[in-house]
Amino acid sequence: MNPRKPYVRPISKTSWFMTQGRYKVYMLHEISSLFVAIYTAILIIGLVRLGEGEAAWQGWLDAVTSPIGVIFHLIAFVFALIHTTSWFKAVPQAMRIQRGEEIVPGKLIVGAHYGVLAAVSLFVLILAGVA
Amino acid sequence: MSERTIELEVLRYRPEQDQEPFFQTYKVPCEEEWVVLDALNYVKEEMDRTLSYRWSCHMFVCGSCGMMIDGEPKLACKAFLKDYPTGKIRVEPLSNFPIERDLVVVLDDFVEKLESVKPYIIPKEERTVEQGEYLQTPAQLKAFKQYTLCINCLCCYAVCPQYGLDESFVGPAALALAHRYNMDSRDLGRAARDDVVAAAEGIWHCSFVGACSQVCPKDVDPAGAIQQAKFAHGIDYLTSFLPGGKR
Amino acid sequence: MQVIEADVIIVGAGGAGLRTAIAVAEADPKLSIALLSKVYPMRSHTCAAEGGAAGVIKSNDNLEYHFHDTVSGGDWLTDQDAVDLFVNEIPKELLRMEHWGCPWSRETSGNVAVRPFGGMKIMRTWFAADKTGFHMLHTLFQTSIKYPSVKRFDEYYTVDLLTDDGACYGCTAIEMRTGQMRQFRGKAIVICSGGAGKIFPFTTNGAVKTGDGMAMAYRAGVPLKDMEFVQYHPTGLPGSGILLTEACRGEGGYLVNKDGYRYLQDYGLGPETPTPVLKAMELGPRDQLSQAFWHEQKKGRTIPTKWGDVVHLDLRHLGEKKIDERLPLIRELSAKYVDSDPVTTLVPVRPVVHYMMGGIHTDIHAATPLKGLYAAGECACVSINGANRLGSNSLGELLVFGARAGRGAAEYVKKGVRAPGERLDALAADSEARVKAWFQRTQASDRVPALKKRLTTAMEDGCGIYRDEATIKAACDIIVDVRERFKNVALEDKSSVYNTDLYQTLEMDAMIEVAQAVAVSALQRRESRGAHQRLDHVKRDDEAFLKHSMAHYNPNGEPRIDYLDVVITKSKPAERVYGARAGGQSAA
Numbered sequence: 001m002n003p004r005k006p007y008v009r010p011i012s013k014t015s016w017f018m019t020q021g022r023y024k025v026y027m028l029h030e031i032s033s034l035f036v037a038i039y040t041a042i043l044i045i046g047l048v049r050l051g052e053g054e055a056a057w058q059g060w061l062d063a064v065t066s067p068i069g070v071i072f073h074l075i076a077f078v079f080a081l082i083h084t085t086s087w088f089k090a091v092p093q094a095m096r097i098q099r100g101e102e103i104v105p106g107k108l109i110v111g112a113h114y115g116v117l118a119a120v121s122l123f124v125l126i127l128a129g130v131a
Numbered sequence: 132m133s134e135r136t137i138e139l140e141v142l143r144y145r146p147e148q149d150q151e152p153f154f155q156t157y158k159v160p161c162e163e164e165w166v167v168l169d170a171l172n173y174v175k176e177e178m179d180r181t182l183s184y185r186w187s188c189h190m191f192v193c194g195s196c197g198m199m200i201d202g203e204p205k206l207a208c209k210a211f212l213k214d215y216p217t218g219k220i221r222v223e224p225l226s227n228f229p230i231e232r233d234l235v236v237v238l239d240d241f242v243e244k245l246e247s248v249k250p251y252i253i254p255k256e257e258r259t260v261e262q263g264e265y266l267q268t269p270a271q272l273k274a275f276k277q278y279t280l281c282i283n284c285l286c287c288y289a290v291c292p293q294y295g296l297d298e299s300f301v302g303p304a305a306l307a308l309a310h311r312y313n314m315d316s317r318d319l320g321r322a323a324r325d326d327v328v329a330a331a332e333g334i335w336h337c338s339f340v341g342a343c344s345q346v347c348p349k350d351v352d353p354a355g356a357i358q359q360a361k362f363a364h365g366i367d368y369l370t371s372f373l374p375g376g377k378r
Numbered sequence: 379m380q381v382i383e384a385d386v387i388i389v390g391a392g393g394a395g396l397r398t399a400i401a402v403a404e405a406d407p408k409l410s411i412a413l414l415s416k417v418y419p420m421r422s423h424t425c426a427a428e429g430g431a432a433g434v435i436k437s438n439d440n441l442e443y444h445f446h447d448t449v450s451g452g453d454w455l456t457d458q459d460a461v462d463l464f465v466n467e468i469p470k471e472l473l474r475m476e477h478w479g480c481p482w483s484r485e486t487s488g489n490v491a492v493r494p495f496g497g498m499k500i501m502r503t504w505f506a507a508d509k510t511g512f513h514m515l516h517t518l519f520q521t522s523i524k525y526p527s528v529k530r531f532d533e534y535y536t537v538d539l540l541t542d543d544g545a546c547y548g549c550t551a552i553e554m555r556t557g558q559m560r561q562f563r564g565k566a567i568v569i570c571s572g573g574a575g576k577i578f579p580f581t582t583n584g585a586v587k588t589g590d591g592m593a594m595a596y597r598a599g600v601p602l603k604d605m606e607f608v609q610y611h612p613t614g615l616p617g618s619g620i621l622l623t624e625a626c627r628g629e630g631g632y633l634v635n636k637d638g639y640r641y642l643q644d645y646g647l648g649p650e651t652p653t654p655v656l657k658a659m660e661l662g663p664r665d666q667l668s669q670a671f672w673h674e675q676k677k678g679r680t681i682p683t684k685w686g687d688v689v690h691l692d693l694r695h696l697g698e699k700k701i702d703e704r705l706p707l708i709r710e711l712s713a714k715y716v717d718s719d720p721v722t723t724l725v726p727v728r729p730v731v732h733y734m735m736g737g738i739h740t741d742i743h744a745a746t747p748l749k750g751l752y753a754a755g756e757c758a759c760v761s762i763n764g765a766n767r768l769g770s771n772s773l774g775e776l777l778v779f780g781a782r783a784g785r786g787a788a789e790y791v792k793k794g795v796r797a798p799g800e801r802l803d804a805l806a807a808d809s810e811a812r813v814k815a816w817f818q819r820t821q822a823s824d825r826v827p828a829l830k831k832r833l834t835t836a837m838e839d840g841c842g843i844y845r846d847e848a849t850i851k852a853a854c855d856i857i858v859d860v861r862e863r864f865k866n867v868a869l870e871d872k873s874s875v876y877n878t879d880l881y882q883t884l885e886m887d888a889m890i891e892v893a894q895a896v897a898v899s900a901l902q903r904r905e906s907r908g909a910h911q912r913l914d915h916v917k918r919d920d921e922a923f924l925k926h927s928m929a930h931y932n933p934n935g936e937p938r939i940d941y942l943d944v945v946i947t948k949s950k951p952a953e954r955v956y957g958a959r960a961g962g963q964s965a966a
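Those sequence lines, one after another, are chains A, B and C.
In terms of my numbering, the first sequence has 111 at position 111, counting the first letter as 1, and numbering is strictly consecutive.
Quick note, my numbering runs 131 ahead of the 1-based positions in the second sequence.
Quick note, my numbering runs 378 ahead of the 1-based positions in the third sequence.
In short, the hints are calculated from the structure, not lab data.
There could be a bad hint or two in this list.
[To be verified] Subject to a maximum C-alpha distance of 20 Å in a straight line, what follows is the list of computed EDC-like cross-link-like pairs (lysine to aspartate or glutamate):
| id | chain 1 | residue 1 | chain 2 | residue 2 |
| --- | --- | --- | --- | --- |
| 1 | C | 636 | C | 692 |
| 2 | C | 714 | B | 164 |
| 3 | C | 470 | B | 264 |
| 4 | C | 436 | C | 467 |
| 5 | C | 470 | C | 439 |
| 6 | B | 273 | A | 102 |
| 7 | C | 872 | B | 147 |
| 8 | C | 950 | C | 905 |
| 9 | A | 5 | C | 920 |
| 10 | C | 436 | C | 485 |
| 11 | C | 865 | B | 176 |
| 12 | C | 872 | B | 179 |
Whenever a hint applies, use it, and build me the whole structure from the sequences.
See below:
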């Protein structure tokens, strides 16, 4: 007779991510992409409206500058920051660069990403005439 | 002698008499320098002969004593009591594995997965002993060395939510091992390994939570290995559209 | 009892066992192989070997040098025919490991790199940073997966050998997860179960190294050879006994006493030089370095700590880069366990039991006197190590003699083996009854952990770095007493599933037998040679003791010891020469 009786501990399919801090961070990163996606969709709608004429464009502008629009964009901005920083942090793992016998330090790769982000942002701001 | 008493809460499960696991607390007189494994050994020798757990080397290389210590998967020989100032430590068997008994978990699934990724050199060119060694520069060695350091302690599986939710996932250690051979300059076995590695249960099942790399006691970075493998497959896929590309 | 059949049964899946399995599979893929181990293969203690494996590969080296280093390192107790073939076969074995993917450290050219090691005249130790054994074990384990004929029985505890009419036909083993005993029947059996450092309280050895296989063969009538030769490694961490590889000194580390003085120069190993010179100072042989510590301790020049006296290992001058590249594990272990980062701090160390030179008596084909039974690795004694093993010869030994055992076993099976008689089932039943008796006993006056403590303390007191008649005799008497008391111990855990109380009790059973073989062999060797130093017989006595001790099992008392001539082919016994007179080159 086999006396074995391995015990399987149950895992909740719906709330597993609440069990550890690192899972919550992961879920925050995943959720942030939702806001980035919605923001992108709104932006694309704006472009379509622009093509439809001035009235359509103005309607879109009014919508995004309404209090709800501004609040949404502020929230989306925070999530975009979360999304960006969490991705940048993970980049050295996915992008391992070896030069001779040395692995390029992760800090350098992350730094380069922030550098490019800053440069592109500055370029866009100049283009928009803000800076 | 500097001694202090800690409360060791151990998840017990004796399949022949228990319906489900329960916590048993031992008050263990400990030396300041001890690790959790020393405290368990004290329990085993002086307090309770019925407690079962795996251990051997006591020096971070055999990989036997992976267990949950205050909820984190760790090597019991690398978890120093001085890092647990409250004096209360909770010890459980590795998460995501069935419990055989007490702190001993069933490893069959992992061993099958390790075997499934063909973790051996599939040589680029056959070489006889008389021909001497394959030349491999320190840089070529460096490309895969980190992924050879895995001690199969299974801490990574215990913290991987994907494996916890769906055990068909090949998992961090086995995929990192496949990557280790794929990256070895002596090897040409990537295509042979892809049946398992590039399947849906392989690298694509990983959603890059990254927890495996955070808990790895040997800094193997299995999450990195898996993302690099995905990247390589992505490049392969894209280049297959180029003239002369293999589709 | 369920019977499992295989052509070749291998007990132990560490380096030697895995190498044996691969050798059998390559010799004839049709032979079925059962590979048993009480732990998963990667848990085996081969994983803890750090420094490297010696093998002649560079153009400035030759096989003769390796031969002479090994023979004189073993104080001429080595069998020279065995050493000859060992030094000849090891480079090929190491190359095979390279072809199987072992991540050897490399030179810029891409060739394998070598490092200096104690007692070696030329740099010839192949290494994979300071985790050589770990990488070899994982390479062998992973490579073994390639061979479908290798069927593993992980976490099976082997209990007894089954013999009939002067031949070995199998063993009994308990499946640890069910607690059920199985009878393994085969045509050839290979024991690769490792050493027995756990018979001492302070050892580098892992929990698994309890001499199970040695005791098994011993009980089956195979003599244990040269058991009195127990190697103390000069640099273990106080408290835990964790090994700090000899490569620390190979890379240029110093050993200093409480005055910061490199004391080895006072023991015939000098003069001191800032960079390492082969066969001198810190690159002397392990037996002499551990003995030098003992003398320093007597002179009061060691440093007292709560874990016993220590000296210091100084690696600071090597610099962070070299330490991280060559000795990363050492850095991690020292920092974590004794709070000393070798980059900036002296690391406390003391001699610690590390390796058994002795073991199951085998010939150069790894065959024991019992037909069908082979042994390889630390559990065996061929002997290439004699009275003192040189560092980095044991990883080579498990490859060379593991492969030889595998090929020998395959050949033996293919020649045709007579079927065993009825007796086997009865023997298996006896084995099961022996285990059951522990379950049935209810009242015990002694507990296993207490008896173990008594046994190991006796071994340290009586069979340490220096011994004499009185201390060894005292140890022998305690062992007799422990053995008697052990007969009445009872299991406190009566369950079937993964009952570690049972396995620790079976291990204790083996440890008592092995310890007794060590102590009685030591008592009767009235000379000093290599790792066996007698304060009452301080000279080597080739006249009377240039012989292997052979301990024969006696179920009713202490073993009978007789002697076997040492095989000497081309190196006549002479004085061992280290230090300036050895003429070693700089290893900087």
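Hints the structure fails to honour: 9
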